[in-house]
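Enquirer: Using the hints provided, position chain B relative to the given structure of chain A.
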Amino acid sequence: NAGVTQTPKFQVLKTGQSMTLQCAQDMNHEYMSWYRQDPGMGLRLIHYSVGAGITDQGEVPNGYNVSRSTTEDFPLRLLSAAPSQTSVYFCASSYMGGGNEQYFGPGTRLTVT
Amino acid sequence: AQSVAQPEDQVNVAEGNPLTVKCTYSVSGNPYLFWYVQYPNRGLQFLLKYITGDNLVKGSYGFEAEFNKSQTSFHLKKPSALVSDSALYFCAVRDIRTSYDKVIFGPGTSLSVIP
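Chains A and B, in that order, give the protein sequences.
For the first sequence, position 105 matches number 93 in our numbering, and the numbering has no gaps at all.
For the second sequence, position 18 matches number 96 in our numbering, and the numbering has no gaps at all.
In case anyone wonders, no lab produced these hints; they're calculated from the structure.
Positions of the beta carbon are idealized from the N, C-alpha and C atoms, including for glycine.
Wrong hints could be hidden among the right ones.
[To be verified] For the chain B half of the interface with chain A, some residues (derived, Cβ under 7 Å), not all of them:
(1) Tyr110
(2) Gly121
(3) Leu122
(4) Lys127
(5) Ile129
(6) Gly131
(7) Phe141
(8) Arg172
(9) Phe183
(10) Pro185
(11) Gly186
[As the list claims (entries may be wrong)] FRET-style restraints, in silico, Cβ to Cβ:
(12) B/Asn133 <-> A/Val0: 28 to 36 Å
(13) B/Tyr117 <-> A/Met84: 41 to 49 Å
(14) A/Pro27 <-> B/Pro193: 22 to 30 Å
(15) A/Lys2 <-> B/Asn146: 32 to 40 Å
(16) B/Gly131 <-> A/Ser68: 44 to 52 Å
(17) B/Asn90 <-> A/Gly28: 14 to 22 Å
(18) B/Lys155 <-> A/Gly(-9): 23 to 31 Å
(19) A/Thr(-5) <-> B/Gln80: 29 to 37 Å
(20) B/Lys155 <-> A/Arg65: 20 to 28 Å
(21) B/Gly131 <-> A/Asp61: 29 to 37 Å
(22) A/Gly85 <-> B/Asn146: 49 to 57 Å
(23) A/Met84 <-> B/Ser81: 20 to 28 Å
So here's chain A without its partners, still in its complex pose (with noise of 0.2 Å):
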């Protein structure tokens, strides 16, 4: 299996542009979140799914737009890049149930300038 997957690894936009994050997981997992790590404030929730059709708001959704389409893939619009918005996104899933752990993708960095 190749577990949770995230392209780009790296990506450098101008304010105002937009782009995709692509996140896939091959382990059948209904659940997938998005997260977004900035220094000494350690992971925060953009949005999550629980299913392919069903997504929500996590703390930090202003600025990002989310869609499931399928079980497997989770991928994260940016509207309107701003600098605020340089970060390192993780994708994660887990199975349903809030004691499963979750797993995690690479990581992808993003700068905005």
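Expert: Showing chain B alone in chain A's frame:
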């Protein structure tokens, strides 16, 4: 409200010595507790978790953690540190009564094991 504290930004320990990375939490109900490790330029990897039962939980790479309900703590421990244990460690908590968007991660503790 839920919260997780990792009171030490940095922990330094000599190779072969025992290590402890501290975590305290606050939830209104009973918690699910997790430890994850992050090596440089990598995603987080699961180490261990407490769901219920025995307060001492054993996990990957020789790590263990003790759940202490009265002190609301879940400290990560290892009897003998290795240089390869140097990484960033995150504690996470979820109140079992809340929905998925309430998984809270601590700010992380950087562990350096000195040869």
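Enquirer: Taking the hints in turn, state whether each one holds.
Expert: Hint-by-hint comparison with the structure:
{"no.": "1", "hint": "Tyr110", "result": "5 Å, holds"}
{"no.": "2", "hint": "Gly121", "result": "4 Å, holds"}
{"no.": "3", "hint": "Leu122", "result": "4 Å, holds"}
{"no.": "4", "hint": "Lys127", "result": "6 Å, holds"}
{"no.": "5", "hint": "Ile129", "result": "4 Å, holds"}
{"no.": "6", "hint": "Gly131", "result": "11 Å, violated"}
{"no.": "7", "hint": "Phe141", "result": "14 Å, violated"}
{"no.": "8", "hint": "Arg172", "result": "5 Å, holds"}
{"no.": "9", "hint": "Phe183", "result": "4 Å, holds"}
{"no.": "10", "hint": "Pro185", "result": "5 Å, holds"}
{"no.": "11", "hint": "Gly186", "result": "6 Å, holds"}
{"no.": "12", "hint": "B/Asn133 <-> A/Val0: 28 to 36 Å", "result": "47 Å, violated"}
{"no.": "13", "hint": "B/Tyr117 <-> A/Met84: 41 to 49 Å", "result": "28 Å, violated"}
{"no.": "14", "hint": "A/Pro27 <-> B/Pro193: 22 to 30 Å", "result": "26 Å, holds"}
{"no.": "15", "hint": "A/Lys2 <-> B/Asn146: 32 to 40 Å", "result": "50 Å, violated"}
{"no.": "16", "hint": "B/Gly131 <-> A/Ser68: 44 to 52 Å", "result": "48 Å, holds"}
{"no.": "17", "hint": "B/Asn90 <-> A/Gly28: 14 to 22 Å", "result": "18 Å, holds"}
{"no.": "18", "hint": "B/Lys155 <-> A/Gly(-9): 23 to 31 Å", "result": "28 Å, holds"}
{"no.": "19", "hint": "A/Thr(-5) <-> B/Gln80: 29 to 37 Å", "result": "32 Å, holds"}
{"no.": "20", "hint": "B/Lys155 <-> A/Arg65: 20 to 28 Å", "result": "42 Å, violated"}
{"no.": "21", "hint": "B/Gly131 <-> A/Asp61: 29 to 37 Å", "result": "36 Å, holds"}
{"no.": "22", "hint": "A/Gly85 <-> B/Asn146: 49 to 57 Å", "result": "24 Å, violated"}
{"no.": "23", "hint": "A/Met84 <-> B/Ser81: 20 to 28 Å", "result": "25 Å, holds"}
Of the numbered hints listed earlier, those contradicted by the structure are 6, 7, 12, 13, 15, 20 and 22.
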